[in-house]
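With the sequences and hints as input, model every part of the structure.
Sequence lines, in order, name chains A and B.
When the letters of the first sequence are read in order and numbered with the numbering used here, they come out as residues 1 to 407.
When the letters of the second sequence are read in order and numbered with the numbering used here, they come out as residues 1 to 255.
It is worth saying that the hints were derived from the structure and are not from the lab.
Hints are not guaranteed to be accurate.
The calculated DSBU-like cross-link candidates involving lysine-lysine, where the alpha carbons are at most 30 Å apart (straight line), are [said to hold, decoys possible]:
id	chain 1	residue 1	chain 2	residue 2
1	A	K16	B	K127
2	B	K84	A	K326
3	A	K326	B	K127
4	A	K394	B	K94
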Amino acid sequence: MKLLNLFVIALRSLNKNKIRSLLTMLGIIIGVASVIAMLAIGQGSRDSIENQISGLGSNVIMVFPGATFRGGVATAAGSAQSLEMDDLEAIRANCPSVKYISPVARSGGQIIAGSYNWNSSIRGVYNEYFDIRNIEVESGSRFSEMDEKRASKVCIIGQTVAENLFDEYTDPVGQRIRINKIPFTVIGLLKEKGQGGMGEDQDDIIYAPFSTVQRRMRGARQNIQQIYISAVSEEKIEPASEEIDDLLRTRKNISKYEDPPFNIRTQTEIVEMFTSTSNTMMVLLAGIASISLIVGGIGIMNIMLVSVTERTREIGLRMAVGARGKDILRQFLLEAVLLSLLGGLIGAAFGILSSKLFVVIMGWPVTVSSFSVIMAFSFAFVVGVFFGWYPASKAARLIPMDALRYE
Amino acid sequence: MKEQDQERKKIISVKNLSKIYDMGAVKVHALRDIGMDIHEGEFTAIMGHSGSGKSTLLNIFGCLDVPTEGKYYLDGADVSHLNKNQLARMRNRKIGFVFQTYNLLPRTSALENVELPLLYNPEIRRKERKEKAMNTLELVGLTDWSEHFPNQLSGGQQQRVAIARALVNDPVIMLADEPTGNLDTRTSFEVMEIFQELNRKGITIALVTHEADISKFATRNILFRDGRIIKEIMVERVKNAREELNKLPPEDEDI
Ligand SMILES: Nc1ncnc2c1ncn2[C@@H]1O[C@H](COP(=O)(O)OP(=O)(O)OP(=O)(O)O)[C@@H](O)[C@H]1O
Ligand SMILES: [Mg+2]
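Given below as C-alpha cells:
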C-alpha cells in the first residue's frame with residue numbers, strides 16, 4: 001500500500017479516538033517537554049557559568065594556599081599558611097610569562113555613610129588586580145603605589161554599594177565612609193557590571209588596597225588567601241602556570257611527586273571543570289526526563305495493543321481483501337509513530353514555552369538549543385517505533401480467518 | 001450442457017482436496033478428498049448440514065486458508081502451496097469474498113469500504129479507485145448511500161456494500177458464505193436478485209447456504225455431508241429472484 005494511503009488511514013484512526021490519542025500522547029508530551037526544559041535550564045546555567053568564568057578576567061591564573069580543589073569547591077581555602085608575600089614577590093621577579101600579579105584579602109562587614117548603612121564584602125587587592133580582572137573605574141581613580149605602601153584607608157566601591165550609601169545627588173567619590181568602624185575615603189566608583197552568572201550582584205563590592213585589608217582588617221596575618229595572576233597572553237597561561245609551580249616547589253622544597261601545599265588553577269581548567277560538572281548535571285536531568293519518555297512509550301504500546309485487539313476483525317478483513325502482513329505492520333507502526341511524533345511536536349512546544357516561562361518567572365538563565373529540540377523529537381520518534389513495533393507485528397502475524405472470526 | 005461446460009474456462013479446479021484440523025487430541029477431517037470444477041459464468045450453491053465443511057471449502061477457494069492435501073487451481077494457476085504474501089495477492093486480484101456478517105469497517109463510509117481492496121493494489125491510482133468504487137456502488141443500487149456509515153444502513157444495504165466491495169477489483173470469482181444468513185426473506189431475495197443480475201453479466205459466483213429456496217436461485221447445487229460431496233445437481237428450473245420478490249405480499253402488509 002502506498003505511504004500516503006497509510007498515512008490517511010493512520011490519521012483517521014487517531015482522529016476517531018481523539019481523547020484516547022491525546023491521553024496516549026500525554027506521556028510523550030510530558031517527556032519531550034521535560035527533556036527540552038531540563039536541557040534548556042542545564043544549558044542556560046552552563047552558558048552563564050562560562051560567561052562568568054570568562055568574566056574572571058583575561059588569561060587568569062589563581063593560586064590558592066593549602067587545601068585542594070574538590071569537585072569545584074575550594075575546601076577551607078587559606079587555612080594553611082603556605083603562601084606568603086615573599087612567594088608573591090618571587091613569582092613577580094622570576095616568572096617571565098606572568099604579566100600582572102595581585103594578592104587578595106577578603107573581609108566584609110558593615111559600612112556606614114552618614115545615616116545610611118549597608119553590608120558588603122571587602123577585597124584587599126593591588127592596583128594590578130583591576131587589570132587582571134578587567135574591572136573598570138567609572139569615576140575617580142585607582143589605587144596608587146603609596147596607598148599600598150602606607151595601607152591608606154581609601155576604597156573603590158561598586159554601584160550597588162554607592163546606591164545604598166548615598167542619595168542620588170551625592171557624588172560618592174571623595175565621600176567618607178566607615179567600614180567596620182574604620183574611616184575610609186571613597187576614591188573611585190566602579191563601572192556597573194550587573195548580575196553574575198549565578199544571579200549574584202557583581203556591583204555589591206568594595207575594593208581597598210591589599211595592605212589595608214590585610215593589616216587593618218584581618219589582624220596582620222602573614223598568609224595570603226589567594227593570588228590572582230594574569231599571563232602575558234592566552235598561549236602563555238600554561239607556561240606561566242608551570243613556571244609558578246616550579247618556583248613555588250623549589251621555594252618550599254617539594255618534589256615533583258608530592259602534593260604541594262598550594263593549588264594553581266588556570267582559567268581554562270576552571271572552565272573545563274565547570275563544564276564537566278554541568279555536563280554531568282545535564283546528563284542526569286536529561287536521563288530523568290528520558291524516563292518519562294520511556295514511560296510515555298510504554299503508554300503507546302499499551303494503547304496500541306488494546307487497539308490491535310479491538311480491531312482484530314478489521315485486520316482480518318483488510319487481510320481478506322488483500323493486505324499483506326507488511327501492510328498491516330506499517331499501518332499500526334505508522335499510527336504509533338504518528339502518536340509519538342504528534343506528542344513530540346506538542347511536547348516541544350510546551351518545552352520551549354515552559355523554558356521561556358522559567359526565564360520570566362524564576363529569572364533563571366535558560367538556553368533552548370535547537371539540538372535539544374531535535375534530540376527530544378528524534379527520541380520520541382525512536383520511542384514510537386520501538387514501542388509500536390511489538391503491537392504492530394502482533395497485528396501483522398494474525399491469521400486472516402482467525403482474525404475475522406474474532407469476537 | 002456437459003459439452004458446453006468443457007469448452008468453458010475453468011475458474012476453479014480442485015483435485016483430491018482434504019483439510020484436516022489438527023486439534024492435538026483429535027483430528028477434524030473438515031474436507032475429505034474433494035474434486036470439483038467451477039467454470040466461468042456458473043452460479044454454484046454449496047449446500048449441506050452445519051459442520052459439513054462448506055465454509056472450509058469456500059475459505060480455501062478464497063485463499064483465506066490452504067488445503068492439507070490436494071491441488072487447487074485458481075484461474076489456471078496452482079495456488080495450493082502459496083505463501084502468505086502470495087495468497088494475499090491472490091485475494092486482492094482474483095477473489096471477491098462476501099461474508100455472512102458483512103464485515104464492513106465501522107465509522108467508514110460505504111464508498112471507502114468499497115475502495116478498500118483497491119487500496120492494496122498499488123497499480124490503481126486514487127482517481128481510478130474512486131471511480132471504480134462509485135461505479136460498483138451503482139451496480140448494487142447504492143449511489144445515494146455512498147457517504148453513509150455502516151451503522152446508518154440496513155442489513156440488506158450493508159450486504160450490498162459488501163457485495164460492491166467484493167466486486168470492485170473485478171475478481172474472477174465471487175465467493176459468498178451464507179450471504180443471506182442474517183437477512184429476512186424479502187431482503188434475502190433482494191440480495192439474490194443482485195447476485196443473479198451479476199451472474200447474468202457473466203460473473204462467476206459460488207455461494208454457501210443451507211436454505212433450500214436460496215439454492216434454487218443458482219444454476220448448480222452441490223450437496224455436502226461430512227466433508228464429502230454427496231450429490232451434484234444442475235437446477236432444472238432456476239428461480240428468478242425478481243419474480244419471487246413480486247410474489248411476496250406487499251411490504252406494508254407484512255406487518
Ligand atoms: N479453525 C478450525 N479449527 C478446528 N476445526 C475447525 C476449524 N474450522 C472448522 N473446523 C471444523 O471443521 C468442520 C467443518 O466446518 P465448517 O465451518 O466448514 O462447516 P460449515 O459446513 O461451514 O458449517 P456451518 O453451516 O455451521 O457454517 C467442523 O467440524 C468444524 O468444527
Ligand atoms: Mg459455515
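Each hint, compared with the structure:
{"no.": "1", "hint": "A/K16 with B/K127", "result": "holds, 25 Å"}
{"no.": "2", "hint": "B/K84 with A/K326", "result": "holds, 11 Å"}
{"no.": "3", "hint": "A/K326 with B/K127", "result": "holds, 25 Å"}
{"no.": "4", "hint": "A/K394 with B/K94", "result": "holds, 27 Å"}
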